[in-house]
Amino acid sequence: MNHGELEPDPLDAGLNAMRARLGECPGASALADFAAGSLPSEEAERIGAHVSLCGICDSLVERLRSFDEPAAGNPPGWADAEGHLRARVFPRPRWQTMLLHPAMAYGLALAAVVVAIVPRRHPAPATPPAATAIAMESVRTIDLDLTRGGEDPRFAVGPGDKFLLLSFVIDIHPALHYTASLDGGPMREVVSTDGKGNFALLFSRDLLGAGRHRLAVAELDPGSGKTERRFEFAFQL
Amino acid sequence: MFLRDAIVAEDVAADVFLKTFVGLRVQYRPQHFKPWLLTLAKHQCINHVKQAVERLRGGSADGLDFARPGDPTVAIDIESVLGHLPAPQRIAIKLFYVNRYSYEEIGEIQGWTSKEVKSHLQNARRRFKLLWDRAAQGTET
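Line by line, the protein sequences give chains Y and P.
So the first sequence is residues 199 to 435, counted in our numbering.
So the second sequence is residues 16 to 156, counted in our numbering.
Calculated from the structure, these hints are not laboratory results.
What you were told as hints is all true, and nothing was included just to trick you.
With a cut-off of at most 27 angstroms between alpha-carbon atoms, the simulated DSS-like pairs for lysine-lysine come out as follows:
1. K34(P) with K394(Y)
2. K360(Y) with K49(P)
3. K34(P) with K360(Y)
4. K424(Y) with K65(P)
5. K65(P) with K34(P)
6. K65(P) with K133(P)
7. K130(P) with K65(P)
8. K144(P) with K133(P)
9. K65(P) with K394(Y)
10. K34(P) with K49(P)
11. K144(P) with K130(P)
None of these values were measured; they are calculated from a predicted model.
Using the sequences plus the hints, can you model the full thing?
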């Protein structure tokens, strides 16, 4: 092996000793805590010893150091974003749910029309109409395990559904990699959300128009690059 | 910035969104939302880089050949000198000599062009030699 100037004999022996001590890289959580300086001293020492040897972990720690900088202060719209997320995840009280029901929306719209017309007949002090626009993005879950019956099931998607979450479960092997392709598009690596074979892939609604769609999942052996198995999920929107 | 590729960053952002959506119900605490989200994003970014590194090697980076004997004393000296190099040079040296990645692989890991990889390694070698010689002279005198 010739690595140029850096490897005359004593250095080579030193590098070998470094490689021998390299060991396994710490997990994401430990590394992030190390970079933040929030680990107990003994643990910090152990991870620091690894980082001083390992180029990958050294690089990750360097990147983590600049990770917090852009997050100083809240970005624009932060409070709204948190509020929207919370609203979507946690159920609303019954009275709020009723207010957002389509029937209630039609009722309110009708009432607004009546209110707008009636004052012309019976003039009253004018009040400006309140412009109410409820912009609610939502994630629609499509359970692809339903597609295994043979027929392509049809899923109803509303205009407010900005994202589609395609969920499915397959029998996975930890040593193998998985890729997915939507409607013959590029294959992208996918990872089981729980490590047990449950997958949840998020797609923008713009990518999935009305009609038939096909999600193809391939199981690959990273060593040989060979496709071991293929799974196909066909569905309609 | 962390991932050094806009398309990869979009993929990871989608994963973070998904995990946020799934995890919020269980882990949401109003006063801790921002740090929690930041931690989630950090972990997702780290895991993404590690998975990319594993793919380069076709598995774990462990199991290197340690047949030749090492010298722990020299190793400590090397680590000490490496500590004085600027981050890109230090990382380039470690990735090449300790982790044993090729120029091309280092470029992929770091998001550097092949020219940048060569430049960082050349500068690192030059600086390392300078510091190494200076340290050796210091111990001799």
